Amino acid sequence: MDQARQKLEVDQNYDAFVRMLGALLPEHRDQLALMRDGGIVGFYSTPRAALEAAVEKFPDGIFSVQEVTDEPIDLGFWSHVAPH
Amino acid sequence: MLHRIEWQREQRRILLPVHVLAPFPVTDLTGVEATALIDTGSSVSGIAVGIARSLRLSGLGKGPLKSAQGESQIERYAFRVAITPDCEENGATFPFVFEEVIGIELTNAFEFSALIGMDILGQCDFTTNRDRHCSLAFG
Numbered sequence: 038m039d040q041a042r043q044k045l046e047v048d049q050n051y052d053a054f055v056r057m058l059g060a061l062l063p064e065h066r067d068q069l070a071l072m073r074d075g076g077i078v079g080f081y082s083t084p085r086a087a088l089e090a091a092v093e094k095f096p097d098g099i100f101s102v103q104e105v106t107d108e109p110i111d112l113g114f115w116s117h118v119a120p121h
Numbered sequence: 084m085l086h087r088i089e090w091q092r093e094q095r096r097i098l099l100p101v102h103v104l105a106p107f108p109v110t111d112l113t114g115v116e117a118t119a120l121i122d123t124g125s126s127v128s129g130i131a132v133g134i135a136r137s138l139r140l141s142g143l144g145k146g147p148l149k150s151a152q153g154e155s156q157i158e159r160y161a162f163r164v165a166i167t168p169d170c171e172e173n174g175a176t177f178p179f180v181f182e183e184v185i186g187i188e189l190t191n192a193f194e195f196s197a198l199i200g201m202d203i204l205g206q207c208d209f210t211t212n213r214d215r216h217c218s219l220a221f222g
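The listed protein sequences correspond, in order, to chains F and B. Be aware that the first sequence starts at 38, since it is given in my numbering, and climbs by one per residue. Be aware that the second sequence starts at 84, since it is given in my numbering, and climbs by one per residue.
Everything labelled a hint here was simulated from the structure, so no lab data went into it. Among the clues, some could well be false.
If you want the footprint, here are the derived chain F segments under chain B, 3+ residues with CB under 8 Å [what the hints assert, rightly or not]:
id: 1; segment: 56–65
id: 2; segment: 79–85
In silico BS3-like links for lysine-lysine, alpha-carbon gap of 25 Å or less [claimed, not checked]:
id: 3; chain 1: B; residue 1: K145; chain 2: F; residue 2: K44
id: 4; chain 1: F; residue 1: K94; chain 2: F; residue 2: K44
id: 5; chain 1: B; residue 1: K145; chain 2: F; residue 2: K94
id: 6; chain 1: B; residue 1: K149; chain 2: F; residue 2: K94
The structure displayed is predicted, hence computed values, not measured ones. For each residue, glycine too, the CB sits at the ideal point set by N, CA and C.
Model the full structure from these sequences, guided by the hints.
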């Protein structure tokens, strides 16, 4: 797989995803959006389902998967340490 | 079938030996050994940079990370975690492989190389007591 192309794909898809997120949340909250070329090609309930679809649709491995949520990742043990 | 592993934790943290596997093909069970921190405060699991590189994982997406410094974007990776349970009644000990998760990449600076967050821990029955005894049941 072309790693540089994949990184670009992830970045471009994320930019498009952030712009769409507000409209997606009412119907697709907590689902996984499979993306290619800045567009969503499907919604899936589990990582496995999303990855199986991705491997079938995009044998070149160029795609991204975004979780439809407005809740940020929380890393608990270190993420709330106050720096001084 | 319910699998179980029991072990003694350290005083101030809970570490567990695991295997980390690439997300696909699902039939590929070769993985990388890792020491995982059990972290009930983390919403997602994670693996160290070195493990991600060993498994030749590519970033799959991004997500916002909440921290004391505010919000930032981090890359997400898909991987699988396998845990080898204690001996079954018939003496067999096959690793149990959890379904793929979309987790995060950790730096290599910690004394553990994986993080088991609530995305995986939520699929288990986990207990620990004041004698440092831990039990994890899954499957």
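Coverage claim, chain B over the segment 79–85 of chain F, checked by counting residues with Cβ within 8 Å (three needed): Satisfied; 3 residues make the cut.
Against chain B, does the segment 56–65 of chain F show at least 3 residues with beta-carbon separation below 8 Å? violated (count 0)
Given pair status - K44 of chain F, K145 of chain B, alpha carbons within 25 Å: holds (10 Å)
Is it true that the CA of K149 of chain B sits at most 25 Å from the CA of K94 of chain F? Distance ~33 Å between K149 of chain B and K94 of chain F Cα, so the pair is violated.
Is the straight-line distance between the alpha-carbon of K94 of chain F and that of K44 of chain F 25 Å or less? holds (18 Å)
Is K145 of chain B within 25 Å of K94 of chain F, Cα to Cα? holds (21 Å)
Of the hints listed earlier, those the structure fails to meet are numbers 1 and 6, in rising order.
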